[in-house]
Amino acid sequence: MSFQTGLSGLNASSRSLDVIGNNIANANTTGMKASRTEFSDLVAASLGAAKSVNAGLGVMVAAVSQQFSQGSITTTGNNLDVAINGGGFFQLKQPDDTLAYTRDGSFKLDKDGFLKTNGNANVMGYPTDATGKATSSTLEKLQLPTNSPIGASQTTQINAAFNLDARAKAAADVTPPTPITTYGTSLVAYDSQGVEVPVTLNFVKTGPSQANGVLVDTWDVYDNATLAAGTAALTANASISATNVANYESDIKNTALNKTNDALDVTNDAANTANGTTLPTYALGTLARLPTYTVTGLSPAAGVLPPATPLNPTGAQFQMVFDANGKLTSPTGTNTLTLTSPNPAVGTNGKFDVKLDVSKATQYGTSFAVSDLTQDGYTAGDLTGMSIGDDGVISARYSNGQTQSKGKLVLADFRNTQGLMPLGGNAWSATLASGEAVQGSPGTGKFGALRSGALEDSNVDLTTELVNMMTAQRAYQANAQTIKTQDQVMSTLVNLR
1 MSFQTGLSGL NASSRSLDVI GNNIANANTT GMKASRTEFS DLVAASLGAA KSVNAGLGVM
61 VAAVSQQFSQ GSITTTGNNL DVAINGGGFF QLKQPDDTLA YTRDGSFKLD KDGFLKTNGN
121 ANVMGYPTDA TGKATSSTLE KLQLPTNSPI GASQTTQINA AFNLDARAKA AADVTPPTPI
181 TTYGTSLVAY DSQGVEVPVT LNFVKTGPSQ ANGVLVDTWD VYDNATLAAG TAALTANASI
241 SATNVANYES DIKNTALNKT NDALDVTNDA ANTANGTTLP TYALGTLARL PTYTVTGLSP
301 AAGVLPPATP LNPTGAQFQM VFDANGKLTS PTGTNTLTLT SPNPAVGTNG KFDVKLDVSK
361 ATQYGTSFAV SDLTQDGYTA GDLTGMSIGD DGVISARYSN GQTQSKGKLV LADFRNTQGL
421 MPLGGNAWSA TLASGEAVQG SPGTGKFGAL RSGALEDSNV DLTTELVNMM TAQRAYQANA
481 QTIKTQDQVM STLVNLR
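So for the sequence shown, the working numbering puts the first residue at 1; every next one is plus one.
Accuracy of the hints is not assured; some may be wrong.
[What the hints assert, rightly or not] When the alpha-carbon atoms are kept at most 30 Å apart in a straight line, the in silico BS3-like pairs for lysine-lysine are as follows:
(1) Lys327 / Lys108
(2) Lys133 / Lys93
(3) Lys327 / Lys169
(4) Lys133 / Lys355
(5) Lys133 / Lys484
[Claimed, not checked] Derived Cβ-Cβ restraints for the label pairs, each shown as a range:
(6) Thr340 / Val370: 19 to 27 Å
(7) Val43 / Pro95: 56 to 64 Å
(8) Leu462 / Gly86: 18 to 26 Å
(9) Val438 / Met490: 23 to 31 Å
Derived from the structure by calculation, the hints contain no laboratory data. Predicted model, so just to flag it, every value in this text is computed and none were measured. Don't be surprised by glycine CBs; every beta carbon is placed ideally from N, CA and C.
Work out the full structure, taking the sequences as your base and the hints as a guide.
Take a look at the structure:
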């Protein structure tokens, strides 16, 4: 009996040494998860016995359990290397079309642009639109556009955010008039063939005015096409504004003179009556006076007059209106700009429309400044690089400065990761014990975040494994010693005379 007990110990210790040796051998294997040997004892039992008086039959290996603890993350600098920091597995389709799961994110691209592992398994994920939003919930083999440049895209909208100086005077009320280019900015748009179209935006203050009884400030917006017309209008309106000021001052003088004449008429009427002279009297208030200039929205004492007419409203693209708090009240949406491309083959004789959004414009008492100026067009571009975000979205970078999403990595997890079956090649397959895979996006719920340009190291602790190896070795030697001792006992019995 002791021979069998010792032999079971030898077998169990040998199996433990196999597991330890496998751990040590894979100490540098990416995504490797260490295993440990778990033992259970063997006991003989008799039917109906209340207790066993046997010493036991030895030991057996109950299980070899994998330890799915987090491994260290090492930076590699390769953008297609991905590490999982937390729970989850990458999903693979093996060459035989079976599904597998791995923690090894050392991915490669094949000649057709498919994302694959070193074992030639396809990496699975969701297709996305250019912004990274998933367009399907069905897993697909991820394929990246390694040989596909992107075409040009025409500008459809320009977004501008800026502050106009509330301290500025109306352009036509300054001598000489404030140049139309004083407050302006520029950017480059693109036509449908990717040809650059320079766009200049200039803002001209037309002065305060009344809007439903409320004093507001107005600014006209000019672009490339209306710049010359706006400059001519500014010069003309400056002349009109100067004339209005002169007329206003003349009206004030004439009004005062008329009042003086009225008083003189009353005095003369009284003197004529006293002298008994009958003369035609001048009725007070019927004296023909010069028409006075009416200043809308401003006190005459302010000494500032708006132009007699708007600053060429047909020349400006549109007008912006700001309230007393510096907030834009009009327009509230987008406005249309007509751009002219140097390429007459696009649009209508080279002309095409874009939307201009100035809803974030303000008018405060600080210097003119542009905080944001963007447009959505671009010229054609070639692929220059790729990267994978923390959320699993794969982005392609192009030579025209554009970045577009080309797919998304999706993670899988299981109720019982201990139930996964190792397949080799750093992969596992699902079993009845593990349960079905549950899919999710990286960084959400129980799924870990991704680290691009990094890999997860093996979670094998060499120090621990070496200590375990010495322990297993001693156990093996001890079990061998029990067999040797039993052999000596048997020899003693045999040699009895």
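Now for the hints, and whether the structure bears them out:
no.	hint	result
1	Lys327 / Lys108	violated (53 Å)
2	Lys133 / Lys93	holds (23 Å)
3	Lys327 / Lys169	holds (18 Å)
4	Lys133 / Lys355	holds (25 Å)
5	Lys133 / Lys484	violated (70 Å)
6	Thr340 / Val370: 19 to 27 Å	holds (23 Å)
7	Val43 / Pro95: 56 to 64 Å	violated (47 Å)
8	Leu462 / Gly86: 18 to 26 Å	holds (24 Å)
9	Val438 / Met490: 23 to 31 Å	violated (58 Å)
Figure legend: structure checked against the earlier numbered hints; hints not met, in rising order: 1, 5, 7 and 9.
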